[in-house]
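Colleague: In order, the protein sequences belong to chains W and V. For the record, in the first sequence the residue sitting at position 246 is 246 according to this note's numbering, with numbers rising by one throughout. For the record, in the second sequence the residue sitting at position 457 is 457 according to this note's numbering, with numbers rising by one throughout.
One or more of the hints may lead you astray.
[Claimed, not checked] Which residues of chain V face chain W? A partial, calculated answer using Cβ under 7 Å: (1) 143; (2) 316; (3) 317; (4) 320.
Hints in this document: simulated from the structure, not taken from any laboratory. Even for Gly, the Cβ is constructed at its ideal location relative to N, Cα and C.
Take a look at the letters that make up each chain.
There are 2 protein chains.
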Amino acid sequence: MSTETGTSSGPELLLDLNRDVRRPLRAQLEDGLREAVRSGRLPAHIRLPATRALASDLGVSRRLVVDAYGQLLAEGYLVARRGAGTFVADAAGASAAAAAETPPSVPTFDFFPGFPDLANFPRNAWLRALRATLRDAPDRAFGYPDPRGALELRRALAGHLRRVRGVVADPETIVVCSGAAQGFFLLARALGGGRLAVEDPGLPAHRAILAEASAQLVALPVDEGGACVAELDALSAREGTIDAVLVTPAHQSPTGVALAPPRRAALLAWAGENEGLVIEDDYDAEYRYDRAPLGAMQGLAADRVVYVGTVSKTLAPALRLGWLVLPPRLLERVVSAKLLADHGCPTIDQLALAQLIDSGAYDRHLRQARRRYRARRDALVHAVARHLPNARVTGLAAGLHAVVRLGRPVDGMALMQAAARQSVGVYPLGYAYMDVRAVDDGLVLGYANLAEPAIEEGIRRLGAVLEEL
Amino acid sequence: MSTETGTSSGPELLLDLNRDVRRPLRAQLEDGLREAVRSGRLPAHIRLPATRALASDLGVSRRLVVDAYGQLLAEGYLVARRGAGTFVADAAGASAAAAAETPPSVPTFDFFPGFPDLANFPRNAWLRALRATLRDAPDRAFGYPDPRGALELRRALAGHLRRVRGVVADPETIVVCSGAAQGFFLLARALGGGRLAVEDPGLPAHRAILAEASAQLVALPVDEGGACVAELDALSAREGTIDAVLVTPAHQSPTGVALAPPRRAALLAWAGENEGLVIEDDYDAEYRYDRAPLGAMQGLAADRVVYVGTVSKTLAPALRLGWLVLPPRLLERVVSAKLLADHGCPTIDQLALAQLIDSGAYDRHLRQARRRYRARRDALVHAVARHLPNARVTGLAAGLHAVVRLGRPVDGMALMQAAARQSVGVYPLGYAYMDVRAVDDGLVLGYANLAEPAIEEGIRRLGAVLEEL
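Chain W extracted, bound-state conformation:
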């Protein structure tokens, strides 16, 4: 098959897929490819087999191979060249191995979309909350946690979410988890390998978590009105019954649009008619700069919507605290999955967060952060207007990131590498698609973790890089 696929190494060299072990085939394929690159068995610059050919040789679906290539493209092991195919990246073996040993060097002007302002973490308020917790907590708080989460935190969250997001929240239906990431993991376990429609583009990291936890993923396209909910019936007909739909209605991740109100209604109607579940990832709804955000969809149909929230965008990803507000019928399965995953989240941190919310310090921090991020978004809009004349910032005035349309398609990997040489970190929108688009006109740029002068300078450098490309 080597001539047919354009690589000198047959797939038996690349891969050792084993259907008897329970590790998903996609993960096995990715492991095998990474290992082959690292060990040098697949040297730099060699072309990989076409996805269709490799899929056929291995007897797996082409989607599985496409996804595995996409993951390794995103990780930098592979490079896609338009019209030419997929290649092992330049010195990927050496650099990947080195990256595993030493902390990665972070670009000075890093527009990573996942961060709040890390310098603005409320260290003193958090320490005060910890001090109060360690002073007041009863001894039993140091035993095994309640797998649902500390009751004090579930109460504080219920009040906060009712007030701020219109969530129908009862402490008894909340489960505290290690960030939204674990929330998705627990949901996928509770759904027991069901079929899940996810927004496309969406977050590859979340898709990987859901797939690892046995969910079968189906791509739901996204346009200016958000997830194309009207396609759910056609998707079901083509792919099989869809059990749940994961959406980011307040601020689509990553395109930044809102789910149009008629689509919100249509999605809830779909859930009602099909006994389907809607998973509402409300990851950054605390930040809306032009007007008050719409309330959470969960408030309209608490029996059909799971609400997912996190402190990763409001305080810090390092805290690893998130929450699910669940329809009662899912509660026991999710709690059981949490118990079997890690016995529950650390109690002291949970009590400190409850203290932070109850004392009003959390709201104060949010108000201050909202002003700060609004100014940073304005700085991004101005810098783009000044330095990227053909580009425009799209999406709502909301959240911690924006999608910038460059006005012409660019090779994402080439742009990332050229920008990195100028100490600028940029994130191509093309990698957020399930079928990775190596060449695309979108960039996902986080602005919350950069001061205004850094935003200005980073975009200026990006402009220079784009001119040379």
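Assemble the complex: chain W is given as a structure, and chain V must be docked to it using the hints.
Modeller: Showing chain V alone in chain W's frame:
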């Protein structure tokens, strides 16, 4: 089948097992039984089908049914009566539902084996470590954690484990996890559904985690010399190739014996000859009262042994911090599983633990706790001699719990219930077996979380309860 099995409800009423969803059949069976008890469909006092009959009706293995019954016996939904069968517990429906709503009332004299002295958590030292962390940590520490764990903590642990337990530990081969519980989960995922021999008796909670993560469990008997390692070959021949063996060599959980030195050697030889993996759960080896403990087995064969540790017994289960020291070949798969489970453990807590270890406060706390627990163990031994004339305390002078042999078999559930009425919490050894022994002469009694007068009074009350039984 109703006359044959002695219950008026056929299994189609009890259960709705679905082989198409990926939730394990055992979990489905347990869910179905719990739900039937809670809803009253299976009323109190009714006899359940014999395990063999139900297994045959459902077309599942008898082991699966035995395990599910065992789990629900341990949870209190069911009661076993010697020679008569398994019954729905008295008012289990009402009490289980009530227990889900309100915090369970803890008996005053609770000999729960899983706790260190919760009143002795070093609140001030921990707050000092948190304060130093929040003062000194760079901003980037508030971003997403390193999925392997904070480098500072991995370094501190490597030094501590080398020094205290003779572990061959390198920061690069350590993965920090949410307690040993998540460590087992990650290992089972990394082993991809392999066959795992576990000590029998062992910890039901750990078996449940491993099974949920797709490990196939095989029972390895335990005697006075610890795990019966010589039986591994026969087990392999009968059950299929064993991929890994989980042992607690320093202090068998729960029987409290040490793995005899010739067996340590034999186990390592088995691993070498069979390319097998040994998982060394070193959960409480910090506490040995009569002499210095043997070093960790991992120190002898770091390429074949995974070392598992935790702060749950040294500081508090509430912190949810544990660690794996891994053979390099397992590292990538475990880190990948951790990344996909929750993106990593909370960074601030990890840095605080590193600070606690590096400052010497952790060692000081351990020395003080060792003196305290030794006195409590002595109090238990004396109280048993005084109030339980036919009983004896077995196992090493080590750890936080002991097995007391009562000198005659008792019905575990009846004893637990009678003791609970006297505010005494006791834990029958019979529930630690894979084939639950409803009637057995052993109790697993934790003494670390009770002051000496409470140990004396608790055992006095237990003696009175046993006389009446």
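Colleague: Against each hint, give a clear statement of whether it holds in the structure.
Modeller: Tested hints:
1. Satisfaction of the interface hint for residue 143 of chain V is found here, the shortest Cβ-Cβ separation to chain W being roughly 6 Å, below the 7 Å cut-off.
2. Taking 7 Å as the C-beta cut-off, the interface hint given for residue 316 of chain V holds, the closest approach to chain W being about 4 Å.
3. Residue-level restraint check for residue 317 of chain V holds (minimum Cβ-Cβ distance to chain W is 5 Å; threshold 7 Å).
4. The criterion of a C-beta within 7 Å of any C-beta in chain W is met by residue 320 of chain V, whose closest approach is roughly 4 Å, and the hint holds.
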